[in-house]
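Enquirer: Here are the chains, one letter per residue:
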Amino acid sequence: AQTVTQSQPEMSVQEAETVTLSCTYDTSESNYYLFWYKQPPSRQMILVIRQEAYKQQNATENRFSVNFQKAAKSFSLKISDSQLGDTAMYFCAFMKGLSGGYQKVTFGTGTKLQVIP
Amino acid sequence: AAGVIQSPRHLIKEKRETATLKCYPIPRHDTVYWYQQGPGQDPQFLISFYEKMQSDKGSIPDRFSAQQFSDYHSELNMSSLELGDSALYFCASSAADRGPKETQYFGPGTRLLVL
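Chains A and B, in that order, give the protein sequences. The first sequence begins at 632 in my numbering and counts up by one. The second sequence begins at 1041 in my numbering and counts up by one.
These are computed hints drawn from the structure, not numbers from a lab. Errors might be hidden in some of the hints.
[To be verified] Partial chain B-side listing against chain A, Cβ under 8 Å, derived:
hint, residue
1, 1096
2, 1104
3, 1149
Predicted, not measured: the structure shown is a model, and the values here were computed from it. Glycine residues also receive a C-beta, built at the ideal position from the N, C-alpha and C atoms.
Given only the sequences and the hints, what does the whole structure look like? Please build it.
Expert: Written out as structure tokens, the structure reads:
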């Protein structure tokens, strides 16, 4: 079974600063996908960024980027130029990359990020 | 772009009552997933359907059942409700026939409160 660990229950960052959220995972799979989802106070689950394990290049989406270290099974999220709207719970998530695309997503316990004006 | 639609958005039930949650996937998505998120917890996978067949099952109580219909919408039926069933229930959809690279997109969730 896969496990996803987020060791930072809460973090805060000043507006316009940069913050990094940590995530480690454990799996015996060689093909998988990793995600960061954002859940603001509305509790909508919003995809922030995704990474295919077979890709060595780190994914980036505007102000969001990841540091994917496959050997270390680490997948951190960096948010640059933090904005007030980034205040949310952030979940790191894992999905197997087996054939037959219907694979469940396993979530970490989340990191609550507060952006301070 | 069209998103996943869930109804109702909020639901209040008494203990031992029955509830039905509905999910309408993104057009042309053939796979539906249900997740349960308790207060202060991460979402937990319940069950999924691919092409109207159950594809995977997680920690779904026997009191719950679900199905996917010919139009790909899905319903989660919950009977003999308990206080501990109070949670946010997410539905997600993906186009699984295009392979696992397809991301799951989540609906807004249904907030169920059992009194």
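Enquirer: List in ascending order the numbers of the hints, as given earlier, that are violated by the structure.
Expert: The structure conflicts with hint 2 only, although it agrees with all the remaining ones.
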